[in-house]
Every structure is written in C-alpha cells, then in structure tokens.
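Order-wise, the sequence lines are chains A and B. Heads up, the first sequence is in numbering that gives the first Met the number 0, so the first residue is 0 and it goes up one at a time. Heads up, the second sequence is in numbering that gives the first Met the number 0, so the first residue is 0 and it goes up one at a time.
No lab work stands behind these hints: they were computed from the structure. Treat each hint with caution, since some may be false.
[What the hints assert, rightly or not] Quick list of simulated restraints, FRET-style, between CB atoms:
{"id": "1", "chain 1": "B", "residue 1": "Ser93", "chain 2": "A", "residue 2": "Leu96", "range": "49 to 55 Å"}
{"id": "2", "chain 1": "A", "residue 1": "Asp19", "chain 2": "B", "residue 2": "Asp51", "range": "36 to 42 Å"}
{"id": "3", "chain 1": "B", "residue 1": "Asp51", "chain 2": "A", "residue 2": "Trp35", "range": "53 to 59 Å"}
{"id": "4", "chain 1": "A", "residue 1": "Val52", "chain 2": "B", "residue 2": "Ile143", "range": "54 to 60 Å"}
{"id": "5", "chain 1": "A", "residue 1": "Asn13", "chain 2": "B", "residue 2": "Glu99", "range": "36 to 42 Å"}
{"id": "6", "chain 1": "B", "residue 1": "Thr20", "chain 2": "A", "residue 2": "Gly9", "range": "21 to 27 Å"}
{"id": "7", "chain 1": "A", "residue 1": "Asn159", "chain 2": "B", "residue 2": "Ile125", "range": "55 to 61 Å"}
{"id": "8", "chain 1": "A", "residue 1": "Pro84", "chain 2": "B", "residue 2": "Glu99", "range": "56 to 62 Å"}
{"id": "9", "chain 1": "A", "residue 1": "Asp132", "chain 2": "B", "residue 2": "Glu99", "range": "55 to 61 Å"}
{"id": "10", "chain 1": "B", "residue 1": "Glu96", "chain 2": "A", "residue 2": "Pro150", "range": "50 to 56 Å"}
{"id": "11", "chain 1": "B", "residue 1": "Glu79", "chain 2": "A", "residue 2": "Gly9", "range": "16 to 22 Å"}
No residue lacks a Cβ here, since even glycine has one placed at the ideal position from N, Cα and C.
Here's the letter readout for the chains.
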Amino acid sequence: MTANIREFPGTSINEQDFDDGKILYNFDKLNGIYAWDTGIGIGSYLASLKNGVLLGSHCKTCRKVVVPPRTICEWCFRPMNEFVPLKDTGIVNTFSLCYVTWDVQRIKDPEIPAVIDIDGASPMHGIMHMLGDVDPQNVKIGMRVQAVWKPANERQGSINDILYFKPIEEK
Amino acid sequence: MTLLNRDPNSPVVWNGELPVTNRYTYGLAGEKFFRTLKDEERILGTHCPHCDQTYVPASIFCERCLAKLDDWVDVGTSGEVNTFTFLHVNLDGSLREKPEIIAFVRFGDGGLIHRLGEINPDQVQIGIMVQAVFKPASDRIGSILDIDYFKPV
Numbered sequence: 000m001t002a003n004i005r006e007f008p009g010t011s012i013n014e015q016d017f018d019d020g021k022i023l024y025n026f027d028k029l030n031g032i033y034a035w036d037t038g039i040g041i042g043s044y045l046a047s048l049k050n051g052v053l054l055g056s057h058c059k060t061c062r063k064v065v066v067p068p069r070t071i072c073e074w075c076f077r078p079m080n081e082f083v084p085l086k087d088t089g090i091v092n093t094f095s096l097c098y099v100t101w102d103v104q105r106i107k108d109p110e111i112p113a114v115i116d117i118d119g120a121s122p123m124h125g126i127m128h129m130l131g132d133v134d135p136q137n138v139k140i141g142m143r144v145q146a147v148w149k150p151a152n153e154r155q156g157s158i159n160d161i162l163y164f165k166p167i168e169e170k
Numbered sequence: 000m001t002l003l004n005r006d007p008n009s010p011v012v013w014n015g016e017l018p019v020t021n022r023y024t025y026g027l028a029g030e031k032f033f034r035t036l037k038d039e040e041r042i043l044g045t046h047c048p049h050c051d052q053t054y055v056p057a058s059i060f061c062e063r064c065l066a067k068l069d070d071w072v073d074v075g076t077s078g079e080v081n082t083f084t085f086l087h088v089n090l091d092g093s094l095r096e097k098p099e100i101i102a103f104v105r106f107g108d109g110g111l112i113h114r115l116g117e118i119n120p121d122q123v124q125i126g127i128m129v130q131a132v133f134k135p136a137s138d139r140i141g142s143i144l145d146i147d148y149f150k151p152v
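So that you can see chain A by itself, here it is in the shape it has in the complex:
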C-alpha cells in the first residue's frame, strides 16, 4: 500500500542530519534493570543447568514430564511429585531461519531458533533454543539434536550455558 505513496507528509530527517548537528535532539537511556524471582521450579532448573543437566518435573497423576520444571501440574493443578533429570538430546519440533537479529541488523548466516522436544519429557514438551553447527538448508523437523554445553567452569546457571543444539551424526 505504501508503495503507491510518492511523498509522505511531514519533515523527513536521516542519521546524517544528527551527525552534522542539523537537528537538535535529546538522547535518553531508561533504567531497565530488573530482578526476577526464579522460584522453586526455574531456580532448580538454572542450578542444574550449571551442572550440565536439563531438569524436568514429573506429575504421577497425569504421568507427564514437563521441561522446564514447574511445581504445579498444568493439567490437574496438583503439586508436581518430583524433579527428573533429562537427557540433553531431543527432536526438532519446529524451527525458523532468521536473517534479521533482535536489534534489526541484517545477517548473511541465519540464526536458527528452534523448539526442541527433550528426550525423557512427554511428547511435544520441549524448550526453545538455537541450532548450530548445521547447514541452514539441512535443518528438518524431526531431526535429532544434542546440546553443546559451555565448559563447566564457564557455566553460570543460565539457559545460555547450552551454546546451541547440533545434529546428532547418524551412524
């Protein structure tokens, strides 16, 4: 629609005008510092990520294993029964090839965010992470992948302790 508009109303300015001092402006940086209570479930998840383990939680009533772990079952609303360590392998549930970064920079090699169903969790239960070490054209739904971890001494209890997931070489 906008392609048909030759000239937009208003006064157009560009980056060069700011650099040349043609335009007065006020630059401001808002205070965006926050602290988010991790709670019992995610707190334990982050603590075990530091040890190189993906943690889930199990509801005996519904026979569900969810990841990341929650303390309350989403189906029966009863307290979950136990934490269960899961494997760091899984199946690509869905993925995207992103040629634009979060701050709107164009990139040549795409970032590949994917939802990965973790082995040991109930079917269709997984986490979102990045795929790496793979040709973007070869990424397929259903592909088996494995986590690539940071070295143990660099882990800080964050989801970024997993660098990315890479395809498992089929033998």
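For this one, chain A is given, so just place chain B on it according to the hints.
Just chain B, lined up with the frame of chain A:
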C-alpha cells in the same frame, strides 16, 4: 514428595537489563525554540491572532482553534514566578543540604518550569520577577538546561 524447597544452589533472582534508549527530536517549533535559545539566548513563543494567545514554549499549532501559527514573538528572558516548590530530596533518595527550588516562570500565556538560583529560599514568593541565567555558549547543547537557572531581577 512435593516440590516445596528451593534448590540451595539455585539463584534467588534472575538479574537482567532491558536495553531501552530513545532519541527525542523537538519537532518544527521545538527545533526553532531550542535553536534560538542555544544560539541567541532568546526565548520564543508563537502568537495566535485569532485566540490572542501566546504559546511558550513555541507551538506550531494553536491548541484552541488548531490554526497553524507562524507569528513568532520574543517574550524576553524574565518572567513572573507563578508557583514554586522546594525539593529536599535528591533523585537517589538522599537528603539535600540546601533545597532545590523549582518554579513555574510565566512567559506570555505559557511558561517554563525551571530551577531558581542566587536566591534565599525564604525570599521566594509567588509574583517575584526572575531572569534567565544562561550557561556559557560553549556548554549549550540545545536543551532547556542551556538556561542554568533563573535569578531574581
């Protein structure tokens, strides 16, 4: 077993920072207003002949009749204190030794909110005339803070 206890090794909070920045341009009227303030030490307003209103800071449209305004008027650098307040606490919550005096100084039918200086707090009254004290030209950046403070005439 229910999951009631926090893993002793778990982080209590997740700390983060949202990268929020903004760049505000002043618009057509604001650009001229601040440019004149910076380069010529003058305060400009715009006058609407239909409504007989003088807007300070300058506005490009009359907010009463919505007419476009191009009658720019110099309103001088001294105005009357319309109202004021004393601030005893800094932004970070610490107590100030001397209060900061913030006043609304009337120009035309509008005015500017700014700080008062060179004045004893108990001398501040509604109705006193104050005059703008500008920063040295080299320190001015095209902001309302190019006026350092207002002092009594």
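Hint by hint, here is what the structure shows:
1. At about 52 Å, the beta-carbon gap between Ser93/B and Leu96/A stays in the expected band of 49 to 55 Å.
2. A C-beta distance of roughly 39 Å is found between Asp19/A and Asp51/B, which places it inside the suggested range of 36 to 42 Å.
3. Look at Asp51/B against Trp35/A: about 55 Å separates their beta carbons, and that is inside 53 to 59 Å.
4. At about 56 Å, the beta-carbon gap between Val52/A and Ile143/B stays in the expected band of 54 to 60 Å.
5. Taking the beta carbon of each, Asn13/A and Glu99/B are about 39 Å apart, inside 36 to 42 Å as hinted.
6. The beta-carbon spacing between Thr20/B and Gly9/A, approximately 23 Å, falls within the hinted interval of 21 to 27 Å.
7. Separated by about 58 Å at the C-beta atoms, Asn159/A and Ile125/B satisfy the suggested range of 55 to 61 Å.
8. One distance hint, 56 to 62 Å for the beta-carbon pair Pro84/A and Glu99/B, holds here, with the actual separation near 58 Å.
9. Taking 55 to 61 Å as the suggested C-beta distance range, the pair Asp132/A and Glu99/B conforms, at roughly 58 Å.
10. At roughly 52 Å, the beta carbons of Glu96/B and Pro150/A sit within the given window of 50 to 56 Å.
11. The hint said 16 to 22 Å for the Cβ distance between Glu79/B and Gly9/A, and at roughly 36 Å that hint is violated.
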